[in-house]
Amino acid sequence: MISIRFEDRVSIGLQYVLDSLHACSPFGQERVRRLRFYAPEERAALLTELGNTARAAKEAQTQKSLYEKIMLVLCQLKDIRGSLSRLFEGVCLDHVELFELKGFLLRIEELLPLFDRMNEAVRIEGMAFSDPSEALKILDPEHTRSRGFYIPDGASEPLRAIRREKKQLEQRLYEAETVAEKDALKAERTRVCAEEESEERAIRKAMCLALLPYVSAMQADADAAGRLDFLIQKALFGVRYGGVLPELTDTALELTDMINPELCDLLKEKGRAFVPVSIAADRGATVITGANMGGKSVAMKTVALNALLMQAGFLVCAKRARLPMFHCVKLLFDDLQSMQSGLSGFGSEIVRFSEALDEAEQGYSLLLIDELARGTNPDEGARIVQAVTRYLNGANAISILATHYDGVAELARAHYQIIGLKDVDPDAIKAELSGAERDGVAVIARHMNYGLYRVEGRADCPKDALNILRMLSLKPEILERIERSYDTEKS
Amino acid sequence: MRDDLDKRIAEARTLSIVGMCKNAGKTTVLNWLLNRSRDRVLGLTSIGRDGESVDVVTGTEKPGIFIPEGTLIATAKDMLSLCDITQEIVCTTGIPTPLGEVVLVRAKSAGNVQLAGPSITSQLKTVSGLFFSLGADQTIIDGALGRKSLGARTVAENVILCTGASYDMRMEKVVQDTANVFRLLNLKKAETPPEESEKPLKELLRESGEALIPGALTDTAILPLLKSGALRNARLVVKDPSKVLLSPDTLEKLSVRGVSLETVDAAKTLCVTVNPVSAYGWKFDPDAFLRAMEAAVTVPVINVKEALS
Numbered sequence: 001m002i003s004i005r006f007e008d009r010v011s012i013g014l015q016y017v018l019d020s021l022h023a024c025s026p027f028g029q030e031r032v033r034r035l036r037f038y039a040p041e042e043r044a045a046l047l048t049e050l051g052n053t054a055r056a057a058k059e060a061q062t063q064k065s066l067y068e069k070i071m072l073v074l075c076q077l078k079d080i081r082g083s084l085s086r087l088f089e090g091v092c093l094d095h096v097e098l099f100e101l102k103g104f105l106l107r108i109e110e111l112l113p114l115f116d117r118m119n120e121a122v123r124i125e126g127m128a129f130s131d132p133s134e135a136l137k138i139l140d141p142e143h144t145r146s147r148g149f150y151i152p153d154g155a156s157e158p159l160r161a162i163r164r165e166k167k168q169l170e171q172r173l174y175e176a177e178t179v180a181e182k183d184a185l186k187a188e189r190t191r192v193c194a195e196e197e198s199e200e201r202a203i204r205k206a207m208c209l210a211l212l213p214y215v216s217a218m219q220a221d222a223d224a225a226g227r228l229d230f231l232i233q234k235a236l237f238g239v240r241y242g243g244v245l246p247e248l249t250d251t252a253l254e255l256t257d258m259i260n261p262e263l264c265d266l267l268k269e270k271g272r273a274f275v276p277v278s279i280a281a282d283r284g285a286t287v288i289t290g291a292n293m294g295g296k297s298v299a300m301k302t303v304a305l306n307a308l309l310m311q312a313g314f315l316v317c318a319k320r321a322r323l324p325m326f327h328c329v330k331l332l333f334d335d336l337q338s339m340q341s342g343l344s345g346f347g348s349e350i351v352r353f354s355e356a357l358d359e360a361e362q363g364y365s366l367l368l369i370d371e372l373a374r375g376t377n378p379d380e381g382a383r384i385v386q387a388v389t390r391y392l393n394g395a396n397a398i399s400i401l402a403t404h405y406d407g408v409a410e411l412a413r414a415h416y417q418i419i420g421l422k423d424v425d426p427d428a429i430k431a432e433l434s435g436a437e438r439d440g441v442a443v444i445a446r447h448m449n450y451g452l453y454r455v456e457g458r459a460d461c462p463k464d465a466l467n468i469l470r471m472l473s474l475k476p477e478i479l480e481r482i483e484r485s486y487d488t489e490k491s
Numbered sequence: 001m002r003d004d005l006d007k008r009i010a011e012a013r014t015l016s017i018v019g020m021c022k023n024a025g026k027t028t029v030l031n032w033l034l035n036r037s038r039d040r041v042l043g044l045t046s047i048g049r050d051g052e053s054v055d056v057v058t059g060t061e062k063p064g065i066f067i068p069e070g071t072l073i074a075t076a077k078d079m080l081s082l083c084d085i086t087q088e089i090v091c092t093t094g095i096p097t098p099l100g101e102v103v104l105v106r107a108k109s110a111g112n113v114q115l116a117g118p119s120i121t122s123q124l125k126t127v128s129g130l131f132f133s134l135g136a137d138q139t140i141i142d143g144a145l146g147r148k149s150l151g152a153r154t155v156a157e158n159v160i161l162c163t164g165a166s167y168d169m170r171m172e173k174v175v176q177d178t179a180n181v182f183r184l185l186n187l188k189k190a191e192t193p194p195e196e197s198e199k200p201l202k203e204l205l206r207e208s209g210e211a212l213i214p215g216a217l218t219d220t221a222i223l224p225l226l227k228s229g230a231l232r233n234a235r236l237v238v239k240d241p242s243k244v245l246l247s248p249d250t251l252e253k254l255s256v257r258g259v260s261l262e263t264v265d266a267a268k269t270l271c272v273t274v275n276p277v278s279a280y281g282w283k284f285d286p287d288a289f290l291r292a293m294e295a296a297v298t299v300p301v302i303n304v305k306e307a308l309s
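Residue numbers (my numbering), protein chains in the order written: chain A, 1 to 491; chain B, 1 to 309.
The reader is advised that the hints may include incorrect statements.
Computed, partial: chain A to chain B, Cβ under 8 Å [claimed, not checked]:
1) 99
2) 150
3) 193
4) 196
These are computed hints drawn from the structure, not numbers from a lab. As the structure is a computational prediction, the values presented were derived from the model and not from experiment. No residue lacks a Cβ here, since even glycine has one placed at the ideal position from N, Cα and C.
Construct the entire structure; sequences and hints are all you get.
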């Protein structure tokens, strides 16, 4: 089963996506809050949901006002599930609970024709509402369709008589002059009020009994309303970020020009644009290498985000997406939390890695590992990552590793590199740095190409670090020495 | 004077009944208001809980609230079983109270009700808005007691101030303190409030002769300024009257120096009611009490025991 820690949701941008949804009903809000991922054995259900989402997104523009009307009705739904289970247990509901039930049924009645229209345009599979009119007959026997709830005089003959008497007494009380007369009338009135109360209770009890056969339909409607609410939100999200209907594969993952909505928005605010990332991977290890500051982590987080979105029934933020369903998705990113757990950074990293492996071996999984063993000495670190890569090649999972270590990439099934500063003319940057621009980090960020390209054959990690050092104007004495050491290695 | 008062009460869109103390006669006033205009739809709620037939604080008998048919009330859900009106639930508000959500109910028959309304100003405004959208002609808020009642004017534009012998054994003290609250309730509305400023009060007054007091106005802040003469003929504006924590003596001094004390949120006090009988056993002479109170305020004064029952 997929479960993602809150910290990881935040770090990959999934929480950002969820926060951008505005579910209207309590049922829809619950679906967003308790996001559920489809399990691999629910493949058919996921396909249905994805199809619904894609069609709903496609019609979002043409059916805008219809969607808004539906959302308006959904906004007015109250969570009546507590009352429904009390009803099922045989509790006699009070006035306010019956009012809420009536309100719910009225909203469903209002929703039905709108849903039918949406269904016509979008063809929503596997979702239906039941006709509330029979249940409404119980709660609105005089078919007033007023929003309020009131037990009408005509609900029973005794009630009619009691209410008539109550009214007469009130008139007499209003006209009474002496205190003694008033007191006598008040006592009389108290008796009548008690009778009214018990008669109303009997009527409420009868209403509850009559409603009993409709409880499961109302529960199903509440659930369907939540799904409809969530579906519309997913569709609107897809429209906002150019979501695409993914093709479900057995094992292969292929994401073309994918984006990360949170980073997209963040960069847009700064007047920059997110560079779409493409990657393909299959069972076994895929290694990403590349410059520091080059966005290896971003690439991996975006893969995780989109895989998870797909498995929750969202459209994928990419031009084209082919994805398998995963038994679990594991993220092993550098995070502060685990370092504070008492173990050293390295220790806790290895503990988490073994735990993740154990879980991933239960079914086809996605493992994303960012710079494993980064904290240890490079010689040992490289050996560890090489061994892990070999092992993961045989594991029943897509594993994507980002690493700096040499000698890892050629062991993997596929090797990607961050384009980084590869195509940039160093002289251009130098010129810029010697000009007015003093902020080296900003200059690098501007020239850095965060895209990935697939490396065929053997290739060592790019040596962009040296370039970056130059741009950040490290002391020339140190730079010279580094350059000299590269030269001696070459010769 | 009474005719004029009746007219002003009838014209008030929102009306808050506030008391100097428990047993000041608030509920008597409320019942009188509720039953004097049976052809109009009233919306009724309270700040916090009220309406119990025995005062839960003092243990004394008190009148219940009896509403005519057609009245709208806003009260906590758990209070509904204690109301003997025939109820139509009109809407739920989502406003939580310790006694359940606040629910709006239309009385399909006359009867006794127990009120436990919202306790936050903004929620009271929401409820009052709901009453009007449901067709109410007037909203009545059974308001708070003592100092807290000074906040009432941020909710309702009109106030009825209730006082009585239960406040203190000394009639002079009752009259003096009531007059003090009355004066604060009736602070002039600041038509053009001065702009908020970070500068010290003294500097502001010297520059422009006026200042907006962002927080509370206290004796310790005002007395030195009075002595230095910086306040002469100045204009001081507070957010609402509950922010004025000055002693009656200081207030008097301010008025002598020609200081104009104004407020951003303003309301009118329509009348003062007096209850000469204390819940604790003592009584004032009704006529002397009424006359003393009349001399101390500028609005009609009504004896609840005689004029309203």
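To see whether the hints hold, each was checked on the structure:
With its C-beta approaching chain B no nearer than about 4 Å, residue 99 of chain A sits inside the 8 Å limit, and its interface hint holds. At about 4 Å, the closest approach between the beta carbon of residue 150 of chain A and any beta carbon in chain B falls short of 8 Å, and the interface hint on this residue holds. For residue 193 of chain A, the shortest C-beta to C-beta distance to chain B is roughly 4 Å, which falls under 8 Å, so the interface hint holds. Here the hint on residue 196 of chain A is kept, as its CB sits about 7 Å from the closest CB of chain B, short of 8 Å.
Violated hints for the displayed structure: none, as all numbered hints are satisfied.
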